[in-house]
Amino acid sequence: MAAIEILGLEKTYMVGFWRKRPKRALQPLHLTVEEGEIFGFLGPNGAGKTTTLKMLMGLVFPTSGTARILGHEWTDPEIKAQIGFLPEQPYFYDYLTAHELLDYYGQLSGVPAKDRKRRVEEVLQRVGLTDIKGVQLRKFSKGMLQRAGIAQAILHNPKLVFFDEPMSGLDPLGRREVRDLMEQLKQEGKTVFFSTHILSDAEALCDRVAIIHQGELRGVGAVEDLTSTVQGKVEVVWQGTQIPASMKALGAECHVTGDTVRAVLPENQQDAAIDALRRERIRLIAITPLRTSLEAYFVEKLQKSPTTGKTVGTAV
Amino acid sequence: MSPRIVHIAANTFREAVRDRVLYNLIAFALLLSGAAIFVGQISIDIERLVVINLGLTAVSLFGVVIAIFIGIGLVSKEIEKRTLYTVLSRPVRRWEFIVGKFFGLAGTLVVNTFFMAIGVFGALLYVAHKFSKPDALILVALYFIVLEFLIICSLALLFSSFSSPLLSAVFAFSLFVIGSFADDLRGFASLAHGMTRWLATAAAYLVPNFSALNVISAVAHQQPLTSQLILNNTLYALFYTTVALSGAVLIFERRNLK
Amino acid sequence: MMNARKRTTVIAATCLAISMAASVLLLRHIDEIRPKATIEDALYINSPQMVKRASVGFNGLMACIYWTRTVQYFGHRHFDRAHTYNELAPLLEITTTLDPNLIPAYEFGASFLAPKPPGGAGEPARAIHLMEYGIEHNPDNWRLYYDLGFVYYTELKDYRNAAEVFERGSKVPNAHPFMKIMAAQMATHAGDFTTARMLWTATYESSRESNIRQNAVEHLRALRVDEDVTNLQALVTEFGEHTGRLPAGMWELVVAEQLRGTPVDPDGNQYQLSADGQVLVQNPDDFPFITRGTPPGYIPAPPKFHTKS
Chain A
1 MAAIEILGLE KTYMVGFWRK RPKRALQPLH LTVEEGEIFG FLGPNGAGKT TTLKMLMGLV
61 FPTSGTARIL GHEWTDPEIK AQIGFLPEQP YFYDYLTAHE LLDYYGQLSG VPAKDRKRRV
121 EEVLQRVGLT DIKGVQLRKF SKGMLQRAGI AQAILHNPKL VFFDEPMSGL DPLGRREVRD
181 LMEQLKQEGK TVFFSTHILS DAEALCDRVA IIHQGELRGV GAVEDLTSTV QGKVEVVWQG
241 TQIPASMKAL GAECHVTGDT VRAVLPENQQ DAAIDALRRE RIRLIAITPL RTSLEAYFVE
301 KLQKSPTTGK TVGTAV
Chain B
1 MSPRIVHIAA NTFREAVRDR VLYNLIAFAL LLSGAAIFVG QISIDIERLV VINLGLTAVS
61 LFGVVIAIFI GIGLVSKEIE KRTLYTVLSR PVRRWEFIVG KFFGLAGTLV VNTFFMAIGV
121 FGALLYVAHK FSKPDALILV ALYFIVLEFL IICSLALLFS SFSSPLLSAV FAFSLFVIGS
181 FADDLRGFAS LAHGMTRWLA TAAAYLVPNF SALNVISAVA HQQPLTSQLI LNNTLYALFY
241 TTVALSGAVL IFERRNLK
Chain C
1 MMNARKRTTV IAATCLAISM AASVLLLRHI DEIRPKATIE DALYINSPQM VKRASVGFNG
61 LMACIYWTRT VQYFGHRHFD RAHTYNELAP LLEITTTLDP NLIPAYEFGA SFLAPKPPGG
121 AGEPARAIHL MEYGIEHNPD NWRLYYDLGF VYYTELKDYR NAAEVFERGS KVPNAHPFMK
181 IMAAQMATHA GDFTTARMLW TATYESSRES NIRQNAVEHL RALRVDEDVT NLQALVTEFG
241 EHTGRLPAGM WELVVAEQLR GTPVDPDGNQ YQLSADGQVL VQNPDDFPFI TRGTPPGYIP
301 APPKFHTKS
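Protein chains in written order, with the numbering used here: chain A, 1 to 316; chain B, 1 to 258; chain C, 1 to 309.
Hint data in this document are derived by calculation from the structure and do not stem from the laboratory.
Among the clues, some could well be false.
Unchecked claim - PhoX-like cross-link-like pairs, simulated, lysine-lysine; straight-line CA separation at most 25 Å:
| no. | chain 1 | residue 1 | chain 2 | residue 2 |
| --- | --- | --- | --- | --- |
| 1 | A | Lys159 | A | Lys117 |
| 2 | B | Lys81 | A | Lys133 |
| 3 | B | Lys81 | A | Lys139 |
| 4 | B | Lys77 | A | Lys139 |
| 5 | A | Lys142 | B | Lys81 |
| 6 | B | Lys258 | A | Lys20 |
| 7 | C | Lys171 | C | Lys157 |
| 8 | A | Lys301 | A | Lys23 |
| 9 | B | Lys258 | C | Lys6 |
| 10 | A | Lys117 | A | Lys133 |
| 11 | A | Lys159 | A | Lys114 |
| 12 | A | Lys142 | B | Lys77 |
| 13 | A | Lys133 | A | Lys159 |
| 14 | B | Lys258 | B | Lys133 |
| 15 | A | Lys114 | A | Lys133 |
| 16 | B | Lys130 | A | Lys142 |
Treat the numbers as computed from the prediction; the structure is a model and nothing was measured.
With the hints as constraints, model all of the structure from the sequences given.
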C-alpha cells in the first residue's frame, strides 16, 4: 500500500490588499510515496514544500485535489494518530517543560495513560534530551527545541513521519544524530517523508526524491538511478596554478583552488590530458571518474522552463 | 465529551495559571480588605451595602478584564506563534480545540470567582459580624456573574478566531459595555421610529444582555429573586454562549493557517 | 460521503441558528419576569452628585440615558394607570444635574412633576426648584420662564408670581411675544378660561414631546367642558329666576333660552340636566381634568390620553 498518495493537490492564494490577484503556490501535484521508504522532498526555499506539507496536515485547505494517507482520506482525523509531524522551526508552548509537552501531546494523540510516562522517557532518551526535567521550553536552545520537535513527532509510534527541514538549527553532531535516527525509523518499518533544501542529506538518506520548484514538480526518482549515470566525465587534479594551453584546447573546465587545479574533461580526453601534464612536467595528483551528483540533477531540473498543467512524477 | 477536549481545557487552565493570572486575586483581596476596614471604621450604617456592591462589582469587572485579555489571544496567539501546527497534526478536531479552549478559560474564571467569593463573604462577615439568611442571595448574584463570564469568554474566543488581539479586545469590551446598557438600548429603540427603531431593536436583542444578569443592587438590598429568573437567565447564557462558540467553530474550521 | 469538515459545518451552523432564536425568545420572556425594579436599580444612587461623579466625565451620555429612562418610566406608569410617580423627581434631578442644558427635561418636569396624582407626581415645590435650576443654567432660554410660570399658574394658582415670571421671561432676548401678553393676562384676568386656554394652547404648540402634547390636549378639552358647564349652569339659574322652577329637562332649557341645538361636549355627547338642576357631563371619565359637571361623589379615574399626536 502506498503510504502517501497525492492526487492533484493544488493551492492558489489570492494576494493583494484591494484587488486580489491569484498567486499559485502549488500547481496540481501528483506524487506517490511507498511504505517503508525514506522519501526526500527537495526544492529551494519558497518552492512549495511547506505548502504541500501543510495541506497534508490539514492546516491549509487545497484549492483542488485530494490525497490519501495510509489508505485513508487525508482529512480523516483518526489517521492522524498514525502520523507524526515536525514543522520547520517548531514552536511549542514555552511555559511547559519537555515532559509536560510530550505528555500533553501524548494525551492528544491517544496514547494510553499507563504507557505515556514510559514512552515520554524513552523518546527523550532517544533524541538525546537528558537532564531537562523541570526546565521550561522557553529556556531551550534551538538545537534542543529541534530535538523536542522530533520527540513529539515519534512519541506515539506513528507509521508515517513528516519532517520539514529536520536538520535546521543543528550542529554537525546533531545532524548526524538525526540522520541516524531517520535510518533507525526506516529499520523499524516506518515511512519517512522529509523536505529539505540540503542535498547532501537527501543524497545520503533517501531512497527516492522529488524535486519541486516554483510550485511545480520537476522530477521524481530513486536516488541511485539519478546519480548512477556516469556522465562520461573525469576530474583531473594537478599541482600548481598553471593551466596548460593544451588543456584548454581539450575543452577542460578548470578551477584553481589554493595550489591545485581541478579540471573536468570528457572521459575520452583522459589520456590526452595526462600527456599534456607530463609534457609540461606538471605533477598529477588525481584522476577521478565523475558521477552525477544529486546537486547536478537538481540544478538541471531547476533550470528547465516551467511547464503548465500537471506533471506526472515518474522515473526520470 | 471527548477526552481531548478535557485535555485541551486542562492545558489552557495551566497556561493561564502559569501566566500568573491568579495574582489578580491579590489586588482584589487588597481592594476588598481596604474597603471593609474603611467602612467598618466610619460606621455609616450601610456597611453591608458597600461591601456587597463593591465586592460583587469588583468580581465582575476583574473577571471581565481577565476573560477578555486571555480570551482574545486563545486562538490568535496560537496561530501567530505556530504552536497550533503540532496540535492539529494530531487527531484533534478543530472544533474540539475551540471548545476545549473555552472550557479552559471558563474554568479559570470559575476558580478565580470561587476565591473571590470567599473574599466577599469574609469581608461581609467582618463588617456585619454575622450572616443573615438573605445573604444566600449573594451566591445567586455570583452565579449570574459566572454566567456573564461564560458569555464574555465565548465572545472573546469568537473574535480571537478571526481577528487580531487588539481588535478583539476592542470588540469584546464594546460588547460588554453595550450589553450592560442593553435595557437602555431597548428604551432608545422604543422611542425611535422607522428604520432606526428596527435596527436599534435588533441590536438590543443581539447584544448580550448583561443588565438582565446584573442583580448586584437587588441582592444588596436583599430583594428576592425568583427561581424562574434563575432558570431563564441560565438558559439564555447557555444559548448565547452556544451562538458565539458555533460562530467561532465555523470560522476556525475554514481558516488557512499561515 | 460527507467529510468530517462539512459535517462539523452543518452542525455548527444549525447550533448557531437555533441558539440565536432561542436566546432572543428567552430574552423577551426574561423581560417580562424581571423585577420592574430596573428603575429603582438606576436610582440606587439617589444623589445626583454621586451619579455625576460616577459618570467619570461621560455626563452627556449618561444624561441622555437617564432622560430616556425618565420618559420610559413615566410612559409605563401612565400606561399602567399608576397613581404615584415617586421616582420622577429624582430622575429629572439626576438628568438635569448631569446635563443642565437638557431643556426637554425641564418641560417634562413642568407638565408632570407639579400636578397632583394621578396626573403627575404632585410635587410642585420640587418642580419650581427644577425650573429655577434650569433658568439659572440657561438664563437666555425664555421657554424655561414659561415653564415656571406655567407651574405657578396651573398648580399653585399663584397668579401674582406667575405674572412676575412671565414678565421676567418676556425680557429675555428673542422671547416669544406672547410672554408679554401672558404677563398682562395673568395680572388682570388670571382666573379666566381664556387665559388658561392660551396657556395650554401655547404648551401644545411649542412642545414636541408627545406626552406633554397629549396632556395639553386633555386640559384643553377639560377647559371646554368647564366653560360649557359654567355657562349652562348660569342659564339654568337664569331660567329659575324667570320661571321660579328648574327646567324639566335640557330640551326645555334649549327652547327657553333659544339655544342653537342641544349643547354637546367635545366628544359630541349631550350635556344632561339632573333632577336637582345640575348640568352634568355624560362620560366624566373621558375628561380627566374637568372640575365641573361631575356628579356628586364622583372619583376621577386615572387619566388616559385620547389622541395620539
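The hints, checked one at a time:
1. Lys159(A) with Lys117(A): holds, 21 Å
2. Lys81(B) with Lys133(A): Status holds; Cα separation ~24 Å.
3. Lys81(B) with Lys139(A): holds, 16 Å
4. Lys77(B) with Lys139(A): holds, 19 Å
5. Lys142(A) with Lys81(B): holds, 15 Å
6. Lys258(B) with Lys20(A): holds, 17 Å
7. Lys171(C) with Lys157(C): Holds - the C-alpha atoms of lysine 157(C) and lysine 171(C) are around 23 Å apart, at most 25 Å.
8. Lys301(A) with Lys23(A): The given pair, whose Cα atoms are some 22 Å apart, holds under the 25 Å limit.
9. Lys258(B) with Lys6(C): holds, 22 Å
10. Lys117(A) with Lys133(A): holds, 13 Å
11. Lys159(A) with Lys114(A): holds, 21 Å
12. Lys142(A) with Lys77(B): holds, 21 Å
13. Lys133(A) with Lys159(A): With Cα atoms ~28 Å apart, lysine 133(A) and lysine 159(A) exceed 25 Å; violated.
14. Lys258(B) with Lys133(B): Violated, at about 57 Å.
15. Lys114(A) with Lys133(A): The hint holds at about 20 Å.
16. Lys130(B) with Lys142(A): violated, 59 Å
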